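A.B. asks: Residue numbers (my numbering), protein chains in the order written: chain U, 1 to 484; chain H, 1 to 309.
Accuracy of the hints is not assured; some may be wrong.
[What the hints assert, rightly or not] With a straight-line Cα cutoff of 25 Å, these simulated DSS-like cross-link-like pairs (lysine-lysine) come out:
1) Lys479(U) to Lys458(U)
2) Lys465(U) to Lys480(U)
3) Lys472(U) to Lys458(U)
4) Lys458(U) to Lys476(U)
5) Lys102(H) to Lys63(H)
6) Lys33(H) to Lys59(U)
7) Lys33(H) to Lys23(H)
8) Lys203(H) to Lys23(H)
9) Lys226(H) to Lys63(U)
10) Lys102(H) to Lys112(H)
11) Lys112(U) to Lys33(H)
12) Lys116(U) to Lys33(H)
13) Lys116(U) to Lys102(H)
14) Lys63(H) to Lys112(H)
15) Lys23(H) to Lys63(H)
Don't read these hints as lab results, they were simulated from the structure. No experiment lies behind these values; they were computed from the predicted model shown.
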Amino acid sequence: MNGIERVKLECKSLHQYLCTLPQALLESLYEHPATCTVVFRELPQLAKYYVMRVLFVDKPITKVAVTSWATNEARSEHTEAVAALCDLHVWNEVILPGGVSSAYSLSFTFRKNLQKTLIGGGESWSSTAHLGPDKHAKDVAELDKYATERWEALLHFLVGSASNSAISQDLQDLLVQSGLIRVGEEDGRRYTNITAKGFQFLLLDSGSQVWFFVLEYLNWVRDRGMNLVPILRFIFELSFSSVGKVSKVCSLPNVTWSQSTKAKFLQDLPTDGKDDRVLQCLQHFREMGLVMQRKRTSRRFYPTRLVINIASRMQNSSSSALSTGFIIAETNYRIYAYTNSELQYAILALFCEMLYRFPNVCVLQLTRESVQTAVVNGITADQILHFIRANAHPDMLKNDPVIAPTLADQVRLWAMERDRLTFQEGVLYNQFLAQHDFEVLRNYARELGALVWENAAKRNMIVTKDAHDQVKRYWKRYKKESGT
Amino acid sequence: MDPGEQQVLVVIFDVSPVWWGLKSLQGQAHITKFFDSLIIFMNSYLMLHSDNKLAVIASHSTKSIFLYPPPQAGNEQNSSEYGDCRDKHFAVVDNAIISSFKTLMSDGCEEKDMRSDSLIAGSMANALCYIHRITQELESRERASSRILVVKAADDAASQYMSFMNVIFAAQKEHVVVDSCVLGQDSGLLQQACDMTGGLYLKVPSQYAFLQYLLTAFLTEPELRKDSLVLSRTKSLHSVDYRAACFCHRCLVEVGFVCSVCLSIFCQFSPICSTCETVFRPSSLVLKSRKKRKVPSRSSSPCTDASIK
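With the rest of the complex left out, here is chain U:
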């Protein structure tokens, strides 16, 4: 797999992301109680208790005292917790006036705002109370439908399927920058192509996809020199708007959600530049389907289930896909996909050939050409197999192994066919005058491990490029010695 770019899609957790931010930015983030709570929840367990322990203690705590909090068995967790606190600048190291021992003190802003969250006070959070009831209130099903539609439009664009729901230039830029698609030009026509990273992205469950995308969005925003703080704050607040309901939705499936999904509205938006950005961000999120706003000018919007996914994603990073599988792959390389989703067809079409389509199922064929096209596009055989396995139909999951070995092997073999040729740069040595000269030089090159190829009859040999200089020097010395 040498010729193909090998990329790994990395998806940071919130904690990791925050650690990359500079301290000043973090400090200004902590100005907001919601952010503090989110950050607090992201801390390792032990660290949470440490914060709570000193929350109402105004004095810095000496390092020695902190060390004595944990038992010896939990030393590693303790170190991890303290490191996490310091990385996020929740705890800052200070030197006590005595100058002897250093101590930790809880960040002032963080302390103040966390206390505010607990005790109350401060300005109230945004609400739509003053707007009165929404005439166009939406229920859960509609919100879900909307969210899925928007998100699938994005994915459609990614797989490059012909779809009339185009996406805006901003999001296209974002996709390009995050390396999910590649833009090329052919005959004056712009075309986009999914990259290997993009394919890996498609394989993620939607929660991870949204989180990855939000992270990329933040980077994108940052690269444009926009102020991250209000946007991060907005995202945190948005994710909070639903956190309280996540568990509810899971445990009581029958509860109608609309009541609890009270419309949230950014209250009192002043028209300074900062909040314009938030509004812009809102429009982007609206396009992705993270929020639902009836009209661009509408004064309220609803967070959708995708934002809930961000929140739950932040809490446990290994959220598995809840949807059941739909693919049956047979040993005759046929694939039956029991789904109505255009998107899934489009993804499958990346590496299969479509044979028949029926209302609820389509039949595809894995062929040598289709697999190799996929490989040319940067998709690996393992990714194809992983996708099939991850979306396998329950009936197929009963098999052990899930994918028949013949099928898996064949896909790998087809992919490997692309790798028959390996390219290596080298230097050709020819026109040796004597067989002996040739043999001396060949033996020397072979000892070096630099000999790529030789033909003794024609007295040709190829030496790797790195070793060329050394071989040449040897040859000159040899000539001189033999000449004298």
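Put chain H on the given structure of chain U with help from the hints.
C.D. replies: Coordinates of chain H only, in the frame set by chain U:
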């Protein structure tokens, strides 16, 4: 310490009117101050994880009342009132607790409420039932770790001994940890409860330190507390009072009589067991010797007390 594990905490707050009234008259403690601290503690608990579940029970001298979740509204209130954001969620919880607390306080107390103890055992039984229901509801998901925190003010009542013991055993069986924070005198019953369920027993010396005690010691999960945190210099619990209360006069006894059939404990010999009505008709000699067989004063638990006979 699986982060996905859900936590259930039931806080039992002792609101014995007699004890608090006395303290308030003496100017030593005010119930409202403690209640404020308790609310902050509960908010902190909710802040730890969004899945954390909370219930609050007020233990009056003749009744125990659910302050949260409010009993009358039931489930639907729960789901619809979870506010839009966390801050609001706290507010909803706090308001519910405070309003039902106010109602409880303004109801006043009647003649029959004038007792020096409060219905801790009853409240704990309520708490266990609540925990049981919650865990049943979550059946499909992973096991929840559940905990009861008793904030006890009034003195122990030996009359509750039986029900208390039953509650402790039930808690032990359900793997519910009982923590207790004692404001007044040491409570032998709670010491036993904490010791047997692996909980933490603490006596809080001053009302000003109450919140710090709560945040430091009682916010932590029992497992974490056991494994990785050092909470006190002395490892073991100093002398747990394991005396049992007799069934006839409800007084704590170190030495007593045990029915050989049902293991009831009596402080005096009686020819017929009042619990299982077994008639003891041994000859006077055996009777004498039986009388002399005494329960060892301080053994490890009441169960063994009884089985030794």
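A.B. asks: State for each hint whether it applies.
C.D. replies: To see whether the hints hold, each was checked on the structure:
no., hint, result
1, Lys479(U) to Lys458(U), "holds, 20 Å"
2, Lys465(U) to Lys480(U), "holds, 23 Å"
3, Lys472(U) to Lys458(U), "holds, 20 Å"
4, Lys458(U) to Lys476(U), "holds, 21 Å"
5, Lys102(H) to Lys63(H), "holds, 16 Å"
6, Lys33(H) to Lys59(U), "holds, 23 Å"
7, Lys33(H) to Lys23(H), "holds, 12 Å"
8, Lys203(H) to Lys23(H), "holds, 16 Å"
9, Lys226(H) to Lys63(U), "holds, 22 Å"
10, Lys102(H) to Lys112(H), "holds, 20 Å"
11, Lys112(U) to Lys33(H), "holds, 21 Å"
12, Lys116(U) to Lys33(H), "holds, 18 Å"
13, Lys116(U) to Lys102(H), "holds, 24 Å"
14, Lys63(H) to Lys112(H), "holds, 11 Å"
15, Lys23(H) to Lys63(H), "holds, 21 Å"
In summary, this structure violates none of the numbered hints.
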